[in-house]
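Number of protein chains: 2
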Amino acid sequence: MELKDKSKFPKVVIIGGGFGGLQVARKLKDMPVEILMVDKHNYHTFQPLLYQVAIGSLEADSIAFSLRKNFAGQKNFRFRNAEVTKVNPEKNTIDTTIGEIAYDYLVLATGSTTNFFGDKDIERFSMPMKSIPEALNLRSLILQNIEEAVLLNTKEERAPYLNFVLVGAGPTGVELSGALAELRNHILDKDYPELHKDHMKVYLVEFQPRVLGSMSEQASKGAREFLTKMGVEVLVNTKVESYDGNEIKLGDGKTIPTKNVIWSAGVMGVIPHGISKNIVERGNRIRVDSVCRVVGFSNIFAIGDVAAMITDETPKGHPGVAQVAIQMGNHVAKTIVQIINSEPTAPFKYFDKGSLATIGRNKAVADLGKLKFQGFFAWLIWMFVHLVSLLGFRNKIIVFINWSLSYLTYNGGARLIIRRFVKGGVTQNGHMPKDN
Amino acid sequence: MELKDKSKFPKVVIIGGGFGGLQVARKLKDMPVEILMVDKHNYHTFQPLLYQVAIGSLEADSIAFSLRKNFAGQKNFRFRNAEVTKVNPEKNTIDTTIGEIAYDYLVLATGSTTNFFGDKDIERFSMPMKSIPEALNLRSLILQNIEEAVLLNTKEERAPYLNFVLVGAGPTGVELSGALAELRNHILDKDYPELHKDHMKVYLVEFQPRVLGSMSEQASKGAREFLTKMGVEVLVNTKVESYDGNEIKLGDGKTIPTKNVIWSAGVMGVIPHGISKNIVERGNRIRVDSVCRVVGFSNIFAIGDVAAMITDETPKGHPGVAQVAIQMGNHVAKTIVQIINSEPTAPFKYFDKGSLATIGRNKAVADLGKLKFQGFFAWLIWMFVHLVSLLGFRNKIIVFINWSLSYLTYNGGARLIIRRFVKGGVTQNGHMPKDN
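Protein chains in written order, with the numbering used here: chain S, 43 to 478; chain E, 43 to 478.
Next up, chain S with everything else stripped away, as it sits in the complex (with noise of 0.2 angstroms):
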């Protein structure tokens, strides 16, 4: 399982070609060192528009790049395609899927899933999205259950099929509740003759007192407003019970009947098997030094996600923003060639660029800095940052591409069903397609 052609260099394995470990083995380009990225992918995944994945929106394809072809010339790079099953930190190497692997320095840039708090019922029932089979899972139950709707006649048969609870008010619940409103309000009467708009209901449930919680007050407010409009019902201060796949009970005893939930509310970092509980912080995240170098270790680091730097500023780590991995893989890799070289290191600094978060169609709020905006104009630098954060030229113009037509003509997205969503082996319906 070893490079073939072994040097002297020392060997960084980065676990995770997300943000961070991208970042990291860009960094050692030209470096004195030998690079093995392992993912489980082949692909690096924007995970900001993930949403719109799910959504029907974008393809799969321009949100995702794969890893062989973003580093192809890099001399020092090298790819696995396999998951990492346990860390041998007595023995300096991992093991995988296809074997293990030795390393001199480790980053762990595993990132960060879904946190269902341990409620097995939500986690067996409603719908993650932190990952692309996750989200075209999502779109096909989308579309999926408005097919079902169709099949239905009245409005109480249809109402589970067409209500949508998304819970959590982070940026991911509330970017898809304004895209759920955008098909409810362009699309559905045109696509589906037999439904009206009235039938469709958004709700988004929010345990804190104000949905993106991480933003200002401001941002806040703007987003409520613009998320009311377009006729999402937001539910702050509001708990969920239960859901059992047919109905999700609310704290304030409110019951809405659905079979579509999709949980937002939390994530939670991904670490291998062989890390110790002792220093892994509230959500799930390993405890660092100021160098991202994980606590008792000189030669293993944890970047983004997964990594919880905790400093009198920052008692709680940093916020799970792709901005954090990136300037942490920046830093990691600059401090990996200094204690080769035998060079002083210096601790991590976060940089704050600032927030966006997209509602809809010319909606959009914005926290930079100290300048705070709402709406048209916070929208286009939505979508400006957006597209030039996007790896490859060919993804950055088919994204624009797919945006001007859903801007022009009220009605973007494919809308297929390509596999249909199967849970436990079955569709809701019970029949499953030969070529799924």
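For the record, the hints were derived by calculation from the structure and aren't laboratory data. We put the CB at the ideal spot given by N, CA and C, even for glycine. Watch out, some of these pointers could steer you wrong.
To be verified - Taking beta-carbon pairs under 8 angstroms as the criterion, some of the chain S residues facing chain E (in silico):
(1) 84
(2) 115
(3) 123
(4) 175
(5) 459
Stated by the list, open to error - The calculated lysine-lysine pairs, modelled on DSS-like cross-linking and capped at a C-alpha distance of 30 angstroms, are:
(6) S/232 with E/50
(7) E/239 with S/71
(8) E/232 with S/69
Using the hints, position chain E against chain S.
Structure of chain E alone, referenced to chain S:
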């Protein structure tokens, strides 16, 4: 399961949203009929470009188009996403996975599927490519097997993963083998620095004496020359004896170790239960009269790949190409209106517009009536014809951009393993990521 607003117009049920079914529904727009289209997919598939999805040059969403979106606004059109299990001609209904549906006129536009000629091993171990899910499976298999090859050390160990055997040298086999040769020639070394292009081999196996047997001698000769120049080993007059998943045995005694056999050696019509075997011809096609009416029935039609119109001019029926389906669809729509109006009907006449096949960059062959030519100009025509035939402005523009970028960079295509190909529940190497 009936349409709610029952009108007095006769009800035309169309099974299948391929080239033929689509045309029937289009031509019946504004006619005094109620149309119900039933398809197991909610989209139309542009089959001529499936091979580009398989090779990873195009997204699935670019060659598929939502049937609902396509007919949005056509007042007499309704759609049901379901599979048809049986036709009940005695009571003018069909059984489907969403219940029984009544018709006054029924159009079978069910198309064709891969014909393995009863060989269970070949069916089990080789890959068909007649639908988008199948093309995506093939894409994943190709990329997964190249990833496997990276993990192996000798040319011999790698061979089964890097030998690609295409059986059947019709347009699909020719186009896909050309695309695989281009992957080998331009991309393999770049994306997989551990591999060398000499390790990958592409074979095109054909039982008949020439490739593209349905086209002219000139086209066959041109295609074969192009393929050979690109490094494809073309084996004509060669039968496949057996394939066990690891090794394919050919009629001449040759064996090739390979985990990649793509089977495009034959198709057969898809016939729902309830149609008597007595009227089923060679290739599993339903015998129809001169207006595409199924023999023995006054109100059931069959068109395209599933129809066999046996006449003196067409003793084997018409070729299984899009143009036949489209022209038959047109004719059947006209015929149904004539029957409703008690007007005389006219026999179907096929107008052959010619054939095109592409082999690769700047390389195609064209038979357009008496004009037969090969090379760059044929390739331009091929691209033009396919672009204008694609459904939807968005798809046309996105395919055009993908092609342009591929042309400029020699490195188009996203090549993502979005869903791992899993045969019989486990991947070839026995592991499967959790969020497949």
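The hints, checked one at a time:
{"no.": "1", "hint": "84", "verdict": "5 angstroms, holds"}
{"no.": "2", "hint": "115", "verdict": "7 angstroms, holds"}
{"no.": "3", "hint": "123", "verdict": "5 angstroms, holds"}
{"no.": "4", "hint": "175", "verdict": "5 angstroms, holds"}
{"no.": "5", "hint": "459", "verdict": "5 angstroms, holds"}
{"no.": "6", "hint": "S/232 with E/50", "verdict": "24 angstroms, holds"}
{"no.": "7", "hint": "E/239 with S/71", "verdict": "25 angstroms, holds"}
{"no.": "8", "hint": "E/232 with S/69", "verdict": "20 angstroms, holds"}
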